[in-house]
Structures are given as C-alpha cells and as structure tokens.
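Could you build all of it, start to finish, from the sequences and the hints given here?
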Amino acid sequence: NAGVTQTPKFQVLKTGQSMTLQCAQDMNHEYMSWYRQDPGMGLRLIHYSVGAGITDQGEVPNGYNVSRSTTEDFPLRLLSAAPSQTSVYFCASSPYSQGRESNEQYFGPGTRLTVT
Amino acid sequence: DQQVKQNSPSLSVQEGRISILNCDYTNSMFDYFLWYKKYPAEGPTFLISISSIKDKNEDGRFTVFLNKSAKHLSLHIVPSQPGDSAVYFCAATSINTNAGKSTFGDGTTLTVKP
Numbered sequence: 001n002a003g004v005t006q007t008p009k010f011q012v013l014k015t016g017q018s019m020t021l022q023c024a025q026d027m028n029h030e031y032m033s034w035y036r037q038d039p040g041m042g043l044r045l046i047h048y049s050v051g052a053g054i055t056d057q058g059e060v061p062n063g064y065n066v067s068r069s070t071t072e073d074f075p076l077r078l079l080s081a082a083p084s085q086t087s088v089y090f091c092a093s094s095p096y097s098q099g100r101e102s103n104e105q106y107f108g109p110g111t112r113l114t115v116t
Numbered sequence: 001d002q003q004v005k006q007n008s009p010s011l012s013v014q015e016g017r018i019s020i021l022n023c024d025y026t027n028s029m030f031d032y033f034l035w036y037k038k039y040p041a042e043g044p045t046f047l048i049s050i051s052s053i054k055d056k057n058e059d060g061r062f063t064v065f066l067n068k069s070a071k072h073l074s075l076h077i078v079p080s081q082p083g084d085s086a087v088y089f090c091a092a093t094s095i096n097t098n099a100g101k102s103t104f105g106d107g108t109t110l111t112v113k114p
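First to last, the sequence lines map onto chains P and H. Each residue of the first sequence is one higher than the one before, starting from 1 at the first, in my numbering. Each residue of the second sequence is one higher than the one before, starting from 1 at the first, in my numbering.
Hints are not guaranteed to be accurate.
[To be verified] Okay, derived cross-link-like pairs now, DSBU-like style, lysine-lysine, Cα gap no bigger than 35 angstroms in a straight line:
1. H:113 <-> P:9
2. H:5 <-> P:14
3. H:101 <-> P:14
4. H:5 <-> H:101
5. P:9 <-> H:37
6. H:56 <-> H:113
7. H:5 <-> P:9
[What the hints assert, rightly or not] Far from chain P, some chain H residues (derived; all Cβ distances over 12 angstroms):
8. 9
9. 65
10. 67
11. 72
12. 103
Rather than coming from a laboratory, the hints here were simulated on the basis of the structure. Since this is a predicted model, take the numbers as computed values, not measurements. Quick reminder that beta carbons are idealized off the backbone N, C-alpha and C, glycines included.
Written as structure tokens, this is what we have:
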C-alpha cells in the first residue's frame, strides 16, 4: 500500500492564481481531511469528508473548495491564491469509527505552498 | 480560543532519561485523545491514544496519562532515545464524531541528546 499520497510536494503561486492540491489514499478509508500547518502552529482543519459525495467545512475553510467523487481521492482547490495561504498542507485519512473508540489518522507527506 | 494547548514549545532531555510532554484542553466534549509524532519534511504519524474511560494507556516506551478533572494529559517516553527527537502533537476529538475532525495543539519539539 502506498498509503496517503499528495502531489505536488512543492508549489509556488502568484497572488490570484488557482490550483488544485491532489490527495489519494489506497486504504479504502471513509474519512479524509485537509489540514494546514503554519510555522510554529499546529494543524488546522480546512475541510473534511465522511465518504464519497459528502464534505463539510472545518475551522479555516475560506478560500478553499473540496469535492469527493470517489473514496480514494480528495482534491483541495485554491480558488484565488493569497499570501496568507502560504503554508504546508497535509491530507489525512482514517477508517470508519465504530463509535466506541475513534481511529487515528494517516497523513500524507505534505505539500509546501508559497504564494508570492 | 485555543481548545488544545501544548504550553511548552520545546523540551530537551538526555538519552535514557524520561521525557514528559504535556497537553491541556478546554472543550468538555472531547473524549478521545491522540498523540502524533512528526519528523521534518514528513507528515505526522500516530503514536498512541487514550479514551476518556481510561486514565492510562501504555505501548512499549510510551505511556499516556489522562486527568479528566484537570482536562490534562501527558505523554511519557521512557527511556528517551535520540530517534525520539521530533515534534509531538496532541490532538483531541469526540467519539461521536471521528478522528478526521481532530483539534490539534501547536506541538512540542523534543530533542533527545546522546
């Protein structure tokens, strides 16, 4: 299993450009999430999905869109890049929780985005 | 208002000694807690977890303690090894949701000196 893969690893955008960060997992996990990590800070949830066709907003959703057409893929779209979106972006997946205990997340290696 | 706080940005310990990393939370709805470890240029990896029905969970050199009344948890690493040098994140969630909605602290950078 490749686990969670993210492309690209690095990206530089100019203000106003749009782009899509790709995320894929081959573990058949129902849950997928996007986080951003700014220097010296923890991971903040952008958007998440509990299954194909179902997405919801996290803590910092503004400026980002997501869709989940398949179980495997969960792309993150930046609509009009701003310098404030310079960050490291992590995609994560986790299996369905049975309710008695939650499950840990499996993270991708991250995409380092710089917006100039 | 930060719901999960790791008040020590960094911690340095000698190899073989105990490392204690602390985490505080404010949201009473949190009932499941996880620790992740992160090396530079990699994604976080899961280390250990604990649910609110327990006050201790152990996995090899790693033990997590939960004090619900104080809304405090700690991760103990004994003995510490140089390979444990990394950033450690505390995360909290609710059993009624899922780990995909975890709230993370800002992390503690652990340095284990040989």
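Satisfaction of hint between residue 37 of chain H and residue 9 of chain P, Cα-Cα up to 35 angstroms: holds, 20 angstroms
Between residue 5 of chain H and residue 101 of chain H, is the straight-line Cα distance small enough, at 35 angstroms or below? At roughly 17 angstroms apart (the allowed maximum being 35 angstroms), residue 101 of chain H and residue 5 of chain H satisfy the hint.
What's the verdict on residue 5 of chain H and residue 9 of chain P, does the C-alpha distance respect the 35 angstroms limit or exceed it? Judged against 35 angstroms, a Cα distance of about 29 angstroms means the pair holds.
Per the stated criterion, does the least C-beta distance between residue 9 of chain H and chain P lie above 12 angstroms, as a non-interface residue requires? violated, 7 angstroms
Was residue 72 of chain H rightly flagged as not at the interface, with every chain P Cβ beyond 12 angstroms? At about 17 angstroms from chain P, residue 72 of chain H clears the 12 angstroms cut-off, so the statement holds.
Within a Cα-Cα threshold of 35 angstroms, do residue 101 of chain H and residue 14 of chain P meet the stated pairing? Roughly 31 angstroms separates the two Cα atoms, so the pair holds.
When you check the alpha-carbon spacing of residue 5 of chain H and residue 14 of chain P, does it fall within 35 angstroms? This hinted pair holds, its Cα atoms lying about 34 angstroms apart.
Distal placement of residue 103 of chain H relative to chain P, Cβ over 12 angstroms: Not fine: 8 angstroms to the nearest Cβ puts residue 103 of chain H too close to chain P.
Mind checking the alpha carbons of residue 56 of chain H and residue 113 of chain H for me, to see if they're no more than 35 angstroms apart? This hinted pair holds, its Cα atoms lying about 27 angstroms apart.
Has the given pair, residue 113 of chain H with residue 9 of chain P, been kept, meaning a C-alpha gap of at most 35 angstroms? holds, 31 angstroms
If I take the minimum Cβ distance from residue 65 of chain H to any residue of chain P, is it greater than 12 angstroms? holds, 18 angstroms
Taking the minimum C-beta separation from residue 67 of chain H to chain P, is that value above 12 angstroms? holds, 19 angstroms
Consistency note: the structure conflicts with the earlier hints numbered 8, 12.
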